[in-house]
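Using the sequences and the hints, build the whole thing.
What follows is each chain in one-letter form.
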Amino acid sequence: MLTELVPGDPAAANLGQRAIGDPAAVQAFREHYGLDKPLPVQYGLYLQHLVTGDLGESEQSHRPVRTDLSEYVPATAELAITSILIAYVLGITLGVVAAVRRNRLTDQLLRVISLSGISMPTFWLALVALYVFFFKLGWVPGSGRLDPGLLPAAHVTGLYTVDALLSGQFDVMANAFHHLILPAFVLAAYNIGLLTRFTRSAVLEVINNDYVLAARAKGLPERTVVLRHVLRAALPPIITVGGLAFANVMTGTVLVESIFSWPGIGQYAFHSATTLDLPAIMGVSLFVAVVYIVVNFTVDILYGVVDPRIRVA
Amino acid sequence: MSVQPVPLRFRVGFRRRPGTLGSAWRQPLAIAGMVLAGLWLIVVIFVPLIAPYDPLAQSSQLFSEPSTAHLFGTDELGRDVFSRVLWGSRLSLPLAFFLVVMAVVVGAVLGGLAGYFGGWVDEVIMRSTDLVFAFPTIILAMAVTAALGPSLRNAVLAVLVVFWPSYARVVRGLVMSLGEADYVSASRLLGASSRRALLVDVLPNVAGPVMVLATLDLGNAVLLLAGLSFLGLGAQPPTPEWGSMVNTGTQFFQRWWMGTFPGFAILSVVLAFNFLGDSLRDALDPRSSWAVQGRDR
Numbered sequence: 000m001l002t003e004l005v006p007g008d009p010a011a012a013n014l015g016q017r018a019i020g021d022p023a024a025v026q027a028f029r030e031h032y033g034l035d036k037p038l039p040v041q042y043g044l045y046l047q048h049l050v051t052g053d054l055g056e057s058e059q060s061h062r063p064v065r066t067d068l069s070e071y072v073p074a075t076a077e078l079a080i081t082s083i084l085i086a087y088v089l090g091i092t093l094g095v096v097a098a099v100r101r102n103r104l105t106d107q108l109l110r111v112i113s114l115s116g117i118s119m120p121t122f123w124l125a126l127v128a129l130y131v132f133f134f135k136l137g138w139v140p141g142s143g144r145l146d147p148g149l150l151p152a153a154h155v156t157g158l159y160t161v162d163a164l165l166s167g168q169f170d171v172m173a174n175a176f177h178h179l180i181l182p183a184f185v186l187a188a189y190n191i192g193l194l195t196r197f198t199r200s201a202v203l204e205v206i207n208n209d210y211v212l213a214a215r216a217k218g219l220p221e222r223t224v225v226l227r228h229v230l231r232a233a234l235p236p237i238i239t240v241g242g243l244a245f246a247n248v249m250t251g252t253v254l255v256e257s258i259f260s261w262p263g264i265g266q267y268a269f270h271s272a273t274t275l276d277l278p279a280i281m282g283v284s285l286f287v288a289v290v291y292i293v294v295n296f297t298v299d300i301l302y303g304v305v306d307p308r309i310r311v312a
Numbered sequence: 000m001s002v003q004p005v006p007l008r009f010r011v012g013f014r015r016r017p018g019t020l021g022s023a024w025r026q027p028l029a030i031a032g033m034v035l036a037g038l039w040l041i042v043v044i045f046v047p048l049i050a051p052y053d054p055l056a057q058s059s060q061l062f063s064e065p066s067t068a069h070l071f072g073t074d075e076l077g078r079d080v081f082s083r084v085l086w087g088s089r090l091s092l093p094l095a096f097f098l099v100v101m102a103v104v105v106g107a108v109l110g111g112l113a114g115y116f117g118g119w120v121d122e123v124i125m126r127s128t129d130l131v132f133a134f135p136t137i138i139l140a141m142a143v144t145a146a147l148g149p150s151l152r153n154a155v156l157a158v159l160v161v162f163w164p165s166y167a168r169v170v171r172g173l174v175m176s177l178g179e180a181d182y183v184s185a186s187r188l189l190g191a192s193s194r195r196a197l198l199v200d201v202l203p204n205v206a207g208p209v210m211v212l213a214t215l216d217l218g219n220a221v222l223l224l225a226g227l228s229f230l231g232l233g234a235q236p237p238t239p240e241w242g243s244m245v246n247t248g249t250q251f252f253q254r255w256w257m258g259t260f261p262g263f264a265i266l267s268v269v270l271a272f273n274f275l276g277d278s279l280r281d282a283l284d285p286r287s288s289w290a291v292q293g294r295d296r
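Protein sequences appear in the order of chains A and B. Okay, so the first sequence: first residue is 0 according to numbering that gives the first Met the number 0, each after it adds one. Okay, so the second sequence: first residue is 0 according to numbering that gives the first Met the number 0, each after it adds one.
To be clear, the hints were calculated from the coordinates, so they are not data collected in a lab. Every value quoted in this text rests on a predicted model; they were computed, and no experiment measured them. Each residue gets a CB set at the ideal place from its N, CA and C atoms; glycine is no exception.
Now the stretches of chain A that chain B is said to cover, found in silico as 3 or more residues with beta-carbon under 8 Å:
| hint | region |
| --- | --- |
| 1 | 112–121 |
| 2 | 125–137 |
| 3 | 243–251 |
| 4 | 281–291 |
Derived, one-sided and incomplete: chain B residues facing chain A with beta-carbon distance under 8 Å:
| hint | residue |
| --- | --- |
| 5 | Phe-134 |
| 6 | Pro-135 |
| 7 | Met-141 |
| 8 | Ala-145 |
| 9 | Ala-146 |
| 10 | Gly-218 |
| 11 | Phe-229 |
| 12 | Gly-248 |
| 13 | Gln-253 |
| 14 | Trp-255 |
| 15 | Gly-258 |
| 16 | Gly-262 |
| 17 | Ile-265 |
| 18 | Val-269 |
| 19 | Asn-273 |
Residues from chain B shown here face chain A by an in silico Cβ test under 8 Å; the list is partial:
| hint | residue |
| --- | --- |
| 20 | Ala-133 |
| 21 | Ala-142 |
| 22 | Leu-222 |
| 23 | Thr-249 |
| 24 | Leu-266 |
| 25 | Leu-270 |
| 26 | Phe-274 |
| 27 | Asp-277 |
Structure representation (structure tokens):
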């Protein structure tokens, strides 16, 4: 409803200079999108369509917003999942190292590194990484999800790497992965910093407990003590950050996708926002909000799995 | 004028709080943050004297690489990138301060109202904060800016829209717990007036979290504003703004100096605020030493 109250005129934003002078064209546009009806009626219609899963039609692509979303979401999903995996693996590792080496030089160094991670403008990091690894070193392809000559494997999940794996096209899979790696790392930078910090403090909360001392006294190797006894107990708060990490990735995609020409919902959201494509803006916002809720719900369930005390309660 | 003996209770209270803050400034990280922030403050004040060129002056030397004449090179219109980066601080830093102060004020007023009145006022205000928290920051900020029309003023408004709720929550929590906490009751049982309870017992405990949040938000504000300008929704050309300079850098991306240096400016400013905020948190809450609070960009 908020989006209906904005002062911008979608007809002006979508019809172009010449058509806007033509009252008939404006009228037709308004009728087609139901903008001629009173606000409550518009909102009622929107809700009515929404319960049947109809998000309306994009004023830019002239396709149902659902079709648009189903095309762009897998691209972002592939990028976001890879990026979050990278962030969790690196973040937890660095966090544990920092905690074990508490107050030593390594710890201080990691503190500065993790603070840099959360201070870095993502769009700038993307630009610099692209310049160094694509333009100078030529290690990674520049943009898009696949090399121009290649076709994605048969559509199953929409994730190019997974689809290629399922159909056994390993060259396509390798290429898709090659395209994925740099944007995923750039997107992970902020979350790596965040997770390092969370992991460090979570580990420090438990590392001085008596049972850890007992484990050491039994003569267990330090590795086992840290991984099995300490990290296990420190996991719940680390998992809780998942929702936050997801929100960060969604923020990052808007900026990163535009630099890597990644055809995902970040770009879609940006284009619909700048063209005042209201059905598309509403569609993307609703979608992101719903996924956000699902992610947080999953995090809550995982929390119960990891921490038996929650399950009992 | 003779020296008056200070009553005991004031001395005890006095020694407790500044002591914790004092230790914050001795950390290397805090010192690094102070130095960085101080340098930028000097730049903001003395830009006209420091910058070698007019940030808007065009010349025939297009795309020249960094040299002694042009420290950071020149851009597609022959403008000096170094001067533009320095002038960019006059936008980003004051705007970030303005934004955070406004967010604290708006958040405090709305959070105070919600906590004080409760009932439907509380419901309306708290559900609004939920609404803001339900979206990734930049998507909401982007929608707001796009709706109002792309300009620096609207970008600032959009950032304000996404920033106030965290303060509203903190202040609401304070107002509601006011007088309910055991240590406050204890203080009042010992005969403290309500004013003393508020100023001495409650305020210091809220000022800390709000101060930490605000310091970290200074960095977040710089990042978000630059991000919006990068997307073309904030400052418009030819304004020397860091985010939009990085954007121009992506269009001429083989001329690395055009985007790299403005980005370094953003990084160093945000880093300064994060160093300060982090040390401050350490000092105020030693238990959560270098932890991070849940707060996204």
